[in-house]
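Peer 1: The lines below spell out each chain.
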Amino acid sequence: MLSFKPYIIATALTVSVLSIVGVSNVAHAESLKGAVKIDGSSTVYPITEAVAEEFGAEYGRVRVTVGISGTGGGFKRFSVGETDISDASRPIKKKELDKAIENGVEFIEIPVAYDGLSIVVNKDNDFVDALTIDELKAIFLDGSKVKTWQDVRPEWPAIAVKIYAPGTDSGTFDYFKDVIAGKTGSIRADMSISEDDNVLVRGVAGDKGAIGFFGCAYYFANADKLRAVSIDGGSGAVLPTKSTIESGEYAPFSRPLFIYVNAKAAARPEVNAFVEFYLENGPALADEVGYVRLPSDIIALTKKNFRDGKTGTQFLDENGEKIHGPLAEVYR
Amino acid sequence: MNNTANPSATARTGRFFKDRLFVVLCLLSAGVCIAVLGVLLASIITQGVEYLGGPLLKNPPSRKPEKAGIYPAMIGTIWICSVCALTAIPLGVGTAILLEEFKPGNKILVRLHGFVQLNITNLAGVPSVVYGILGMTVFVEMFKMLGSASDPIWTLGTTDNWYYIQLPFGRGILAGGLTLMLIVLPIIIVSSQEALRAVPNSLRQGSLALGSTRWQMVWNTTLPAAIPGIMTGTILAMSRAIGEAAPILIIAGIVYITFTPEHLMDDFTAMPLQIYDWAGRPQESFHHLAASGILVLMAILLTFNTVAVIIRQKFQG
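Chains A and B, in that order, give the protein sequences.
Residue 154 in the working numbering sits at position 154 of the first sequence; the count goes up by one each step and never skips.
Residue 455 in the working numbering sits at position 123 of the second sequence; the count goes up by one each step and never skips.
It is worth saying that the hints were derived from the structure and are not from the lab.
Each statement offered as a hint is correct.
Example chain A residues on the side facing chain B (calculated, C-beta under 10 Å, incomplete):
(1) 39
(2) 46
(3) 47
(4) 63
(5) 81
(6) 197
(7) 201
(8) 221
In silico lysine to aspartate or glutamate, DMTMM-like type, Cα no more than 20 Å apart, as pairs:
(9) 264/A with 483/B
(10) 137/A with 190/A
(11) 33/A with 270/A
(12) 208/A with 151/A
(13) 304/A with 106/A
(14) 99/A with 473/B
(15) 94/A with 321/A
(16) 476/B with 82/A
(17) 95/A with 82/A
(18) 225/A with 616/B
(19) 76/A with 483/B
(20) 33/A with 594/B
(21) 93/A with 169/A
(22) 147/A with 124/A
(23) 123/A with 616/B
(24) 162/A with 134/A
(25) 396/B with 288/A
(26) 76/A with 174/A
(27) 396/B with 58/A
(28) 476/B with 102/A
(29) 95/A with 106/A
(30) 310/A with 329/A
(31) 137/A with 151/A
(32) 396/B with 54/A
(33) 94/A with 178/A
(34) 390/B with 54/A
(35) 399/B with 288/A
(36) 399/B with 54/A
(37) 396/B with 382/B
(38) 399/B with 58/A
(39) 396/B with 287/A
(40) 399/B with 287/A
Just so it is clear, CB atoms sit at the ideal spot from N, CA and C, and this is done for glycine as well.
Please take these sequences and the hints and turn them into a complete structure.
Peer 2: Below, the structure is given as structure tokens:
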């Protein structure tokens, strides 16, 4: 921590200089040069791509590259200092954090959007309108006895339940497993699994008894082919919409997406300008590409944390254990 | 009744019937292949035609499908495929010549020869993602023994020269092209060997009888006779190289890039990666964009192959 302070000061200085120049900053945009290397989650990629595109229109001489090596693959490069920014669809893990510390990489953690995890059924399925968390557990947990919809609720018809789920090492699956099975449980194995969410969309759309889950962007784009199920997290059934996801009402399936910024790189003017641009325009662009913007108080917090150079993760406790809970409660 | 009256006639109609049946079966299997290809092409063309006329060929990627383009990926693909062809063809054909034309006499060398042959044949079946990891270790990192890409131990030229080279290579064009070379080498070697084997031995003997050395025999007689077969193998190999996404995902990983490569160590992306990203998007217009990308990829592949076919025709004639 101590050895790290110079960077924080440098970052803070750069930021304050930038904010003092303020207006002339735009004039500088043309002359700013350098490169910003970004890699990581393909889920976060559309947002970062949109930001990079708009950033490029203003800062034409900064070379921004964005990769899709996956959250884990991105952190692998990030933790050895190969990339400046890492896209992540989940918080950093203990192992990845240890590796970053070992290589002297300090980072600033910034949530950028919500990806509501939507649970969907077939369009012709007119009986399932809402599911409680307990019913989801009954359907999805390992050792589940549910074979037909009648086993979920006795008044529902005896149509076979067919489950479509994303790949088991995707961030979406991880998040779903965390919510449904918790730390120790596991999800049943007899599901149709695909790494390609479009295959899941087609699967659920073509099977009357089907249920599936994936990121809300895929539901929003296919709302005419699928029906989203309201989720009852204890305080009434809530449909996944942009406003219920943003407000956190759609609990517990609002999943935050992150970017991790290398603190040393953040002191470079081009990286700093890029992240500032991201914080400013990210929410609107996230909304445009199909994700959900964060509530304004969290956005304000991300700006403050970046400008203060607040490093480290807020999703692991001192013992490296995962901290569970909604973003609004965990992120400070 | 007929059977007893004229058994040979029945046997003959039976034989002819089988012959007809065989022809019909052959036609059917060919028809199925062509039908599948036709359906594939038709669906890609109907989906992809929408964005073909637009800025697809001149723009970088964008979040708006109507503004999105494949230009940097297209140039990246041309760079890495050129590196791949320029390295894989001489190496592959050279290896094939060694294995076919310079067979060893000594017992230990015969064993070694057999061992190398067996390994090359097996390598042709290794999944390309494995080559991606191999390329990562050997070319990108150079076993982490020569420093890192950001702090190279040796450089040639500067980043302003197209031939700029550093050690280790890092995640640039050269590493990508050489990894593709690893993937296609076994295909080129095996098919070149087949082509060389098909050259009649009498040609070799005639050449040697006229007093030429083995080098002259290979260069003036065997190799020219084998070129059509070698070109066919090369076409297959390059068709595979241009469509590889998995190893490029490991080596470059980049999809969003607005500039085109300027030197051998520069960052790049390739068309299969861009198409893979578009095809996985939630919005249907991006799926159509992916189809347009596939059409462009096919056009480039056909251009590559036409050149190869022309060369083949020239040598056959």
